[in-house]
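Chemist: The primary structure of each chain is shown beneath.
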Amino acid sequence: MSVAMPSSGDASFAARIDNPAARALMRRHRVRWWEALPWAAALVFFFAFPDYLSFGNELLVVILFALSLDLALGYAGIITLGHAAFFGAGAYTVGMLAFYGVWSEPITSLAIAAAAAGAVGMLSGLVLLRTSGLTLLMLTLCTQALLEEAANMGHDWTGGFDGLLSLSFTPVFGLFEFNPLYPTTQYLLTLGVLFACFVFVRTLVYSPFGQSLTGIRENLLRMHAVGSPVRWRLVVCYAISAAIAGVAGGLWAQNNAYVNLSALDLDRAATVLIVLILGGYGRLYGAFIGAVVYMALEHFLAQIYPTAWQLGLGLLLVLIALFARNGILGLGDALWQRYRGSLPWRFRARRAAP
Amino acid sequence: MTEIRLETQALGRQFGALIAVADIDFRLAAGARHALIGPNGAGKTTFINLLTGVLRPSRGRVLLGGRDITGLPQAERVKLGIARTFQINRLFRGLSVLENVCIAITERLGAAGAMFYPAGRRTDIIDEAMQLLQTLKLAEAARHRVSELPYGRQRLVELAIAIALSPTVLLLDEPAAGVPSAESHIILDAIERLPENIAVLIIEHDMDVVFRFAKRVTVMVGGRLFAEGTPREIEANAQVREVYLGQSPMRAAHG
Amino acid sequence: MPSCQTRSPAESAVDSVANLAGILLGGLSAGTVLFIVSVGLSVTMGLMGFVNLAHGAFAMFGGYVIVLAMNRAQFGFPVAIVLGFVATAALSIVLERTLYRRLYRAGELDQVLFTIGLVFIFIAGITIVVGPGSQTLQLPPALGGQLNLGFIQYRTYSIFLIVVGVAIVLGIWLAFERTRIGAEIRATVDNRRMAESLGIDVDRLFTITFAFGSGMAALGGGLGAEFLGLDPQYALKYLVYFLIAVSVGGLGSVVGVYCASLIIGVLDFVLTLYLPKGGTIFIYVLTILILLARPQGLFGRKGL
Chain R
1299 MSVAMPSSGD
1309 ASFAARIDNP
1319 AARALMRRHR
1329 VRWWEALPWA
1339 AALVFFFAFP
1349 DYLSFGNELL
1359 VVILFALSLD
1369 LALGYAGIIT
1379 LGHAAFFGAG
1389 AYTVGMLAFY
1399 GVWSEPITSL
1409 AIAAAAAGAV
1419 GMLSGLVLLR
1429 TSGLTLLMLT
1439 LCTQALLEEA
1449 ANMGHDWTGG
1459 FDGLLSLSFT
1469 PVFGLFEFNP
1479 LYPTTQYLLT
1489 LGVLFACFVF
1499 VRTLVYSPFG
1509 QSLTGIRENL
1519 LRMHAVGSPV
1529 RWRLVVCYAI
1539 SAAIAGVAGG
1549 LWAQNNAYVN
1559 LSALDLDRAA
1569 TVLIVLILGG
1579 YGRLYGAFIG
1589 AVVYMALEHF
1599 LAQIYPTAWQ
1609 LGLGLLLVLI
1619 ALFARNGILG
1629 LGDALWQRYR
1639 GSLPWRFRAR
1649 RAAP
Chain B
34 MTEIRLETQA
44 LGRQFGALIA
54 VADIDFRLAA
64 GARHALIGPN
74 GAGKTTFINL
84 LTGVLRPSRG
94 RVLLGGRDIT
104 GLPQAERVKL
114 GIARTFQINR
124 LFRGLSVLEN
134 VCIAITERLG
144 AAGAMFYPAG
154 RRTDIIDEAM
164 QLLQTLKLAE
174 AARHRVSELP
184 YGRQRLVELA
194 IAIALSPTVL
204 LLDEPAAGVP
214 SAESHIILDA
224 IERLPENIAV
234 LIIEHDMDVV
244 FRFAKRVTVM
254 VGGRLFAEGT
264 PREIEANAQV
274 REVYLGQSPM
284 RAAHG
Chain X
1404 MPSCQTRSPA
1414 ESAVDSVANL
1424 AGILLGGLSA
1434 GTVLFIVSVG
1444 LSVTMGLMGF
1454 VNLAHGAFAM
1464 FGGYVIVLAM
1474 NRAQFGFPVA
1484 IVLGFVATAA
1494 LSIVLERTLY
1504 RRLYRAGELD
1514 QVLFTIGLVF
1524 IFIAGITIVV
1534 GPGSQTLQLP
1544 PALGGQLNLG
1554 FIQYRTYSIF
1564 LIVVGVAIVL
1574 GIWLAFERTR
1584 IGAEIRATVD
1594 NRRMAESLGI
1604 DVDRLFTITF
1614 AFGSGMAALG
1624 GGLGAEFLGL
1634 DPQYALKYLV
1644 YFLIAVSVGG
1654 LGSVVGVYCA
1664 SLIIGVLDFV
1674 LTLYLPKGGT
1684 IFIYVLTILI
1694 LLARPQGLFG
1704 RKGL
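Chains as they are written, first to last, in this note's numbering: chain R, 1299 to 1652; chain B, 34 to 288; chain X, 1404 to 1707.
Heads up, some of the hints might be wrong.
What the hints assert, rightly or not - A partial selection of chain X residues facing chain R, derived with a Cβ cut-off under 8 angstroms: (1) Asp1513; (2) Ala1527; (3) Gly1528; (4) Ile1691.
Stated by the list, open to error - A short list of chain R residues far from chain X (calculated; beta carbon distances all over 10 angstroms): (5) Ile1315; (6) Asn1317; (7) Ala1322; (8) Val1329; (9) Trp1332; (10) Leu1335; (11) Phe1343; (12) Ala1346; (13) Trp1401; (14) Ala1409; (15) Leu1421; (16) Ser1466; (17) Arg1529; (18) Val1534; (19) Gly1630.
Claimed, not checked - To be clear about the criterion: a stretch of chain R counts as covered by chain X if any three or more of its residues have a C-beta under 8 angstroms from a C-beta of chain X, and this derived list gives those stretches: (20) 1440-1447; (21) 1605-1614.
Just so you know, these hints were derived from the structure itself, not from any lab.
Glycine is no exception: its CB is placed at the ideal position from the N, C-alpha and C atoms.
With the rest of the complex left out, here is chain R (with noise of 0.2 angstroms):
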């Protein structure tokens, strides 16, 4: 896509140009410093503490899902509590696919599992994306609740509550054999298809399909009125999410090497959710930020004291909601508005409550 030459004389041109709002929405999307950061810290970990991969494979499983999570919740303002519903879509095509010999090779694998959990996402999301407030909320429960109802009837295809076990893929690039002992290869894979899936998001949040996004969640009906196909976009920007989501799935599956129907409950549901607005939604690197910082506390605090963990869960809910419903990285705006004065440009602030 080629960008059109500027229209009058140069000079005018570059004039407005050099206003310092024009400069800054042409900056926006620069990648910045410290956005190398997780990724380099991925690979330390990697190195530092080859223990603890699998530990390191869950977590970076759930900043995927907490991920997709954000595109439709942070960036298309969807509240939903059946998102794992894609993450179980994804997960059982990757499980049934290799449980019954017709397709182990991994990468693959995750294509099809977006293509499928994808595919959920389009049809759900034309069908559902009618409706919005508390409809669309028990909608998504409903649909979630319905496959997981519908895999625990199938079974005899699915494994039914105890699921498929010893999945086995074959090596990634022919060359690197899953170890479930020593999961190397599988974090690699997921770190390498986090960060593929990750680029592709941050692409589209900067986009125009990522702005008129955020002219949608900004105010509806102005997007209405300026032509804007607003349920269109919706339903891709939802089908794009189910399809990451389906990709967590996948890797989720492929690193424990079963799959069961956990992958679909309300709980796994609930959780991304948590984990998303922990770290502050519509921010992008929100994901990251929530899923360190819950499983973190969740692996010490769970392990010793499983009822007081549940109880600590639901008292940082309830902080949340009443004082710091942007998440950890809203309270880190709101300290920098602070002590620096205002915002740097391209933090946005929360749109108020309604």
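On the provided structure of chain R, position chains B and X as indicated by the hints.
Modeler: This is chains B and X only, laid out in the frame that chain R set:
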């Protein structure tokens, strides 16, 4: 005979038993400066909603440039060249003024579906937006968030978005409503400078504004067309005066 | 029990009717429990527009109070019921005044998060205080056993539940239609701004309704304990059902949530009998279809 840009035929809309608008035969000429006035509850905003596609009519047709658009949804009518401002601002409050206008231009160009390059690369869109803002004297405000602006300037952004859509028909729903009188001139100046080829319909209560801009005035009462003519004719119309009895008196002895 | 020999058509017919009646009564009593718990949610959501996912937690809390009052403190059934209602209503008033109030103007997402957080706190709290096991309700002897209805003998308790349900729906309906506060609630559900400008104290109305709704939930939690079970996971296990009953019935409509609950109860009962594995899928499909056709629910009036 000037070309008719927008036309309605026997347009009507009811909500259950309540008849909001009935039997409207209305014509808006190219390049028109047309005002729509009437007491509160006369159906003026409902009429605009019918024209823009926010509401479907109960009967009658809407034609744009001779083409029947009665069945088209709002977004498609915008693509065909109808733009409007709302009585209460509908802006992207958390975004900058520049970005508000850019979004409108991007939609108009059909570029808003693009996913694989950054919006910031479309310097043509940014440039066009800046040009428009300069014309409306909003350039210094370009980088501010809409929510930070005083209400009068926000209203101007509302106008900017509508103009950015390059409409052939522009419907302004009380453009100066809610704007403190100290600021209202910026809106009025901007309306005065609108390109001549756009057909403009303004809903207004303020007769000063009507007299300043309108070449034709339509009076709507109780959901029906009551009278139509030049501002002078309407002012002299005794029946119109009666209808406005109890409202603020019409402009006295206008030169 | 009928012998294996051939039976006359009349006997078979009577049997089928009895079977049918049995299924119907079972479903209706299950539906009634669902109704009693959910009616409070329907009214408060219709009135306050607040997504209260913690409603099931109030039902659980009240259920525990009732059951423990009977099992551990040896209170009688009626006393325990009243205690459960009052305790839960009181708790809900405290929470409403201090916490819920702050989120009335907040977005749906914040309300969802807040109430999920509350649910976790309730679950953890009950686990810590009472323990993770499930509680059983000892039915008072008067309500135990079977009742002879002429063509069928059926569990007294189930009949009791159905009767209570009818009494409640009539009572609430009468209260809405005949009392002043009922009129105020209806007005506020219909158009809140208008109601406020008419001088109705909307805040007080919220608190009263919320308290009443939570009390009803407690009632449902206790009465339904022997059918739905009572353990710390109760608050989450049945949440989807409460939400379905409310959204399919239509927010703010007592008749709506009653009908929806009964339908769900009967459907679920039938499905569990004939399609034990995964029959509930039909309830989800039905809900989706209904909500797509009528987003405001069967009896709901305004958009959700």
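Chemist: Taking the least C-beta to C-beta distance, is Asp1513/X closer than 8 angstroms to chain R?
Modeler: holds (5 angstroms)
Chemist: A cut-off of 10 angstroms on Cβ-Cβ distance, and Ile1315/R was said to be off the interface with chain X. Does that hold?
Modeler: Non-interface label stands for Ile1315/R: nearest chain X Cβ at 37 angstroms, farther than 10 angstroms.
Chemist: With d taken as the least Cβ-Cβ distance between Phe1343/R and chain X, does d exceed 10 angstroms?
Modeler: At roughly 29 angstroms from the nearest Cβ of chain X, Phe1343/R sits farther out than 10 angstroms, so the non-interface label holds.
Chemist: Is it correct that the beta-carbon of Ala1322/R has no partner in chain X closer than or equal to 10 angstroms?
Modeler: It holds; Ala1322/R is separated from chain X by about 28 angstroms at its closest Cβ, greater than 10 angstroms.
Chemist: Was Leu1421/R rightly flagged as not at the interface, with every chain X Cβ beyond 10 angstroms?
Modeler: Leu1421/R is indeed farther than 10 angstroms from all Cβ atoms of chain X, at 12 angstroms.
Chemist: Non-interface claim for Asn1317/R: all C-beta distances to chain X beyond 10 angstroms?
Modeler: The claim holds: Asn1317/R sits with its nearest Cβ about 34 angstroms from chain X, beyond 10 angstroms.
Chemist: Taking the minimum C-beta separation from Arg1529/R to chain X, is that value above 10 angstroms?
Modeler: Given a closest Cβ separation of 14 angstroms, the condition holds.
Chemist: Can you tell me if the region 1605-1614 of chain R counts as covered by chain X, using C-beta to C-beta distances under 8 angstroms and a minimum of three residues?
Modeler: holds (count 8)
Chemist: Minimum C-beta separation from Val1329/R to chain X exceeding 10 angstroms: can you confirm that?
Modeler: holds (30 angstroms)
Chemist: Examine each Cβ of chain X, and state whether all of them lie more than 10 angstroms from the Cβ of Ala1409/R.
Modeler: It holds; Ala1409/R is separated from chain X by about 29 angstroms at its closest Cβ, greater than 10 angstroms.
Chemist: Taking the minimum C-beta separation from Ala1346/R to chain X, is that value above 10 angstroms?
Modeler: holds (34 angstroms)
Chemist: Is the coverage entry for the region 1440-1447 of chain R by chain X consistent with the three-residue Cβ rule at 8 angstroms?
Modeler: Satisfied; 5 residues make the cut.
Comparing the model with each numbered hint stated earlier shows that all of them hold.
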